Amino acid sequence: MFTFNRLISRFIAAALLFFMANLAGAEPLRIAVAANFTDTTRDLIALFEETTGYSVAASYGSTGKLFAQIENGAPFDVFQAADSARPEMLENSGSAVSGSRFTYARGKLALWSPETNVFSDPASWLASADFKRLAIANPKTAPYGLAAQQVLKNLSLWDALQPRLVRGDSIAQTFQFVATSNAQAGFVALSQVNAWQNSNGTLWVVPQQMYAPIDQQAVLLSHGKDKPVARQWLDFLRSPQALNLMKDDGYDIAD
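So for the sequence shown, the numbering used here puts the first residue at 178; every next one is plus one.
Some hints could be false.
Said to hold, decoys possible - Derived lysine to aspartate or glutamate pairs resembling EDC-like cross-links, with alpha carbons at most 20 angstroms apart: (1) Lys242 / Asp336; (2) Lys309 / Asp336; (3) Lys242 / Asp216; (4) Lys424 / Asp403; (5) Lys309 / Asp298; (6) Lys317 / Asp346; (7) Lys402 / Asp298; (8) Lys317 / Glu265; (9) Lys402 / Asp412.
As the list claims (entries may be wrong) - Computed spacing ranges between beta-carbons, pair by pair: (10) Ala389 / Phe279: 14 to 22 angstroms; (11) Thr229 / Ala431: 34 to 42 angstroms; (12) Thr228 / Glu204: 13 to 21 angstroms; (13) Asn269 / Thr229: 24 to 32 angstroms.
Since the hints were made in silico from the structure, they are not lab data. Source: prediction; values computed, not measured. For glycine and all other residues, C-beta sits at the position ideal for the given N, C-alpha and C.
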């Protein structure tokens, strides 16, 4: 009996090794992720890979540009946008699986400078235009850029500040403009500031009534509809572990 049990144990161990080897060698899950969610996604991937054995390959960029790539046939399995409009468009066009779309996080916009004491009254500082460059993401392709535009319009400063605006292709590039002092301040994602290594700086978390909610939605793309791991990833995004990580990074969680 002892010998038989040992044989069974060795068989199970060998089967598990074979299974994990197959997972490691399988085609990775391919996800397209809005640039603001880069740091959070890297942490989520590490947790997901550790617990499942699957491999995840992420591509980051502005929501608009990723949307265009998907429309042109890019082989992504999951799309995690920084808005709700583009995932809905993909669902309506048949490029995404109907009923798979949901809000995985709500973003927060912030006006930030790595320098200390740049502004105490953000609205007055913006109105003074006492700066050479103010960074925002492109409102046409980046939802956080659209939110920044809405804030400046709310303050009646959009037209007046045009000569001083420098636009990033994505919120990641916008953050780089500010972090490298190519712009004295900029409208970025709060999550990016939270991930910044240097805790010094000047920060204004913009009141959410000044811009439309940044509902970041995920959707299962047609390319990934037959991949169980794609659905597993979407379920993982709604797990307590993932939601707690998002909260810690500065996101609100959908009701």
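Status of each hint after checking the structure:
1. Lys242 / Asp336: Status violated; Cα separation ~26 angstroms.
2. Lys309 / Asp336: Holds, at roughly 16 angstroms.
3. Lys242 / Asp216: Holds, at about 19 angstroms.
4. Lys424 / Asp403: 31 angstroms, violated
5. Lys309 / Asp298: Holds: Lys309 and Asp298 sit about 18 angstroms apart, inside 20 angstroms.
6. Lys317 / Asp346: 9 angstroms, holds
7. Lys402 / Asp298: 49 angstroms, violated
8. Lys317 / Glu265: At roughly 17 angstroms apart (the allowed maximum being 20 angstroms), Glu265 and Lys317 satisfy the hint.
9. Lys402 / Asp412: Holds. Lys402 to Asp412 sits at ~14 angstroms (cutoff 20 angstroms).
10. Ala389 / Phe279: 14 to 22 angstroms: For Ala389 and Phe279 the Cβ distance comes to about 18 angstroms; the hint holds.
11. Thr229 / Ala431: 34 to 42 angstroms: 24 angstroms, violated
12. Thr228 / Glu204: 13 to 21 angstroms: 19 angstroms, holds
13. Asn269 / Thr229: 24 to 32 angstroms: 31 angstroms, holds
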